[in-house]
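Trainee: Let the sequences and hints guide you as you build the complete structure.
With the working numbering, the residue at position 138 of the sequence shown is 138, and numbering never jumps.
Some hints here could point you the wrong way.
Derived BS3-like pairs: lysine-lysine, alpha-carbon spacing no greater than 27 Å straight-line [stated by the list, open to error]: (1) Lys89 x Lys73; (2) Lys73 x Lys51; (3) Lys86 x Lys69; (4) Lys138 x Lys70; (5) Lys87 x Lys140; (6) Lys86 x Lys184; (7) Lys184 x Lys154; (8) Lys174 x Lys138; (9) Lys89 x Lys140; (10) Lys69 x Lys140; (11) Lys140 x Lys174; (12) Lys169 x Lys154; (13) Lys81 x Lys70; (14) Lys138 x Lys169; (15) Lys86 x Lys73; (16) Lys174 x Lys89; (17) Lys138 x Lys87; (18) Lys81 x Lys174; (19) Lys140 x Lys70; (20) Lys86 x Lys169; (21) Lys73 x Lys140; (22) Lys81 x Lys138; (23) Lys174 x Lys184; (24) Lys89 x Lys184; (25) Lys184 x Lys81; (26) Lys174 x Lys154; (27) Lys184 x Lys87; (28) Lys140 x Lys169; (29) Lys138 x Lys73; (30) Lys81 x Lys69; (31) Lys69 x Lys87; (32) Lys70 x Lys86; (33) Lys69 x Lys138; (34) Lys87 x Lys70; (35) Lys89 x Lys138; (36) Lys81 x Lys140.
It should be emphasised that the hints constitute simulated quantities derived from the structure, not laboratory data.
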Amino acid sequence: MTDKLPPNLLALFAARPPLRWVEPSDYAPEKRRTAPIGGVAAFLPELQKYKETDVYEPTESWLEMRDRKKREKAEAAERLKIEGPKKFKPNEDPNIRGDAFKTLIVARLSYDADERDLEREFGRFGPIERVRVMTHRKKKPHRGYAFVVFEREKDMRAALDACDGIRIKDRRIKVDVERGRTAKNWLPRRLGGGLGGRGYTRAMPIRPGGPGGFGGGGFRGGFKGGFEGGRGGRGGFRGG
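Mentor: So, in structure tokens, the structure goes:
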């Protein structure tokens, strides 16, 4: 049938030249073999040798590190309570100056407060001789308490009566006399004595109120008013 086509069409049906032969990139399917599988007995001597020569030291996990630091901190606090009172001698401290009966200690101090804030707050009671904020060398700007030395004892007494619980830098403070040099056998809190504790400046949670304000809801809203009358009285529509 194709022999009857003209030469120009026969050229379209001519066979292409054969492909060039190249080396195969893989083994022939009939020559493929998997690697032989044997036991691990031949490796036991090497494992034993590794155990004898290995000097592995296990690393500390973060849980173990947390427990260790907590334990070390508790042990250091116990040692401080035992050894600290022997070294606590405030009368021999060269950094302490001024009359102990004219010295006011300010505790629970905000870490944003400094000497100028204390001078501004306590200077209204009388002339101040010295203000010393106890600094912290490692972490915080200071340790959260300070000493204010007045020139007159009556000014210190006036500040002691008037400034307990006031706010400095939006935090309530506590004031007290210096007990280290005035009270016998007195120890600070870090050595097992002292007053106060943690959690004293935390704000109290707000109690949820009902839909009726200070009292209950409905006709008894407000200060127990409504049909009951007044501030919890028995007036209103019950009279007459």
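Trainee: Are the Cα atoms of Lys81 and Lys70 separated by 27 Å or less?
Mentor: holds (17 Å)
Trainee: Mind checking the alpha carbons of Lys69 and Lys87 for me, to see if they're no more than 27 Å apart?
Mentor: holds (25 Å)
Trainee: Does the alpha-carbon distance linking Lys184 and Lys87 stay inside the 27 Å limit?
Mentor: holds (15 Å)
Trainee: Compare the distance between the alpha carbons of Lys184 and Lys81 with 27 Å, and conclude whether the hinted pair is satisfied.
Mentor: Holds, at about 18 Å.
Trainee: Taken at face value, is the distance from the CA of Lys184 to the CA of Lys89 at most 27 Å?
Mentor: holds (11 Å)
Trainee: Taking 27 Å as the top limit, are the C-alpha atoms of Lys138 and Lys87 close enough?
Mentor: holds (22 Å)
Trainee: Would the hint linking Lys140 and Lys70 be met if the CA-CA limit is 27 Å?
Mentor: holds (20 Å)
Trainee: Are Lys174 and Lys184 close enough, with their CA atoms no more than 27 Å apart?
Mentor: holds (22 Å)
Trainee: Are the Cα positions of Lys86 and Lys73 separated by 27 Å at most?
Mentor: Since the Cα atoms of Lys86 and Lys73 sit roughly 20 Å apart, the hinted pair holds (cutoff 27 Å).
Trainee: For the pair supplied as a hint, Lys138 and Lys169, confirm whether the alpha-carbon distance does not exceed 27 Å.
Mentor: holds (23 Å)
Trainee: Holds or violated: Lys86 and Lys184, Cα atoms, limit 27 Å.
Mentor: Answer holds: Lys86 to Lys184 is near 14 Å, not above 27 Å.
Trainee: Lys138 and Lys73: Cα distance at most 27 Å?
Mentor: holds (16 Å)
The structure is inconsistent with the numbered hints 2 and 20, although it conforms to all the rest.
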